[in-house]
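Since the structure of chain P is already known, use the hints to place chain Y on it.
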Amino acid sequence: MYRYLVIRAEDPLECLERINLYFVAVAGLRFKAIEFNIVGIYDDIIALGVPRDLVGKARALVALMDGCRTVKVRGTVKSARRTAMSIRRRRPNA
Amino acid sequence: MAIRVRRGYVEWDLADAAAEDLLWEVGVRVALVRPGVATERIAPVVRGLDINAVEVPNKSKFNVYVYREDVQILSVGHREVLTRDQVKTALKMGKYVELRLKPLLEDLGLLLRWLDVLEPENTLFSTPVRSPRDVKSPIDLENLLVELTGDSSWKVPFEKGLEIMAELLSHV
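One line per chain: the protein sequences are P and Y, in this order.
Mapping of the first sequence onto the working numbering: position 48 corresponds to residue 48, and the numbering continues sequentially without gaps.
In the working numbering, each residue's number is its place in the second sequence (first place is 1) plus 94.
The shape of chain P in the complex, shown without the other chains:
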């Protein structure tokens, strides 16, 4: 069972890269069983799937990352996408 974190980042690529780097700390010994499940990047929003029981750990990791924070948690890919689309902030220069 996956839950989907909707993360807002000042610099989404940098944030994602660093979450990826430390994601092993979230997965623990299940690191080989759990894949890094990115649903998508929508401007400054990242939608990331994590197993339900690891949501707390994943949020703790996000807290450690500079410039990003979890704004919503969704139960399905579909609703995570919908939320991400509706709260994205388009870059003025993009």
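You may find that some hints are simply not true.
[Stated by the list, open to error] Here are the in silico distance ranges between beta carbons for each label pair: (1) 11(P) - 211(Y): 32 to 42 angstroms; (2) 143(Y) - 34(P): 41 to 51 angstroms; (3) 22(P) - 173(Y): 21 to 31 angstroms; (4) 53(P) - 243(Y): 15 to 25 angstroms; (5) 194(Y) - 28(P): 41 to 51 angstroms; (6) 38(P) - 146(Y): 42 to 52 angstroms; (7) 143(Y) - 32(P): 51 to 61 angstroms; (8) 142(Y) - 33(P): 32 to 42 angstroms; (9) 33(P) - 143(Y): 46 to 56 angstroms; (10) 130(Y) - 66(P): 24 to 34 angstroms; (11) 149(Y) - 85(P): 39 to 49 angstroms; (12) 29(P) - 146(Y): 43 to 53 angstroms.
Hints were generated in silico from the structure; no laboratory data involved.
Here a beta-carbon is modelled for each residue, glycine too, at the ideal position from N, C-alpha and C.
Then chain Y, alone, in the frame of chain P:
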């Protein structure tokens, strides 16, 4: 279906209202603001005017301020970890210890030493917010402290934020 009251969170050190909408988005409804900061959506409580918060310059000054009648919040620097006795005294005197969490996120070892001496009942964590980059989700931070310590009572400072704020305001 029963009505669930979403209580919202408090940001204990808002230095710039530029990040207001982002704070609102992560559930912050009240902020302890520096004098001169004006907010539109988040209810402001002014530091030093509505609530008496003092900046404690060093560890030994703490022992002076902790006994002062009019002080409600002791805002401590993150570099010098207090002793357990000092925290206990603050608890006994009914004072809150404010710790700035943002710089400590870069130094987890120091944060762990802090968590060792602090008590969840009288600790306030501020982020502090100077720009949109500094905004943190209170639920993320709450999860971080619980994960680091394995002690779920570290949720208390975040969950009871509004309650503590109301209590502090009623004693001015």
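(message) Check the structure against each numbered hint from earlier and tell me which ones fail, lowest number first.
(response) 5, 8
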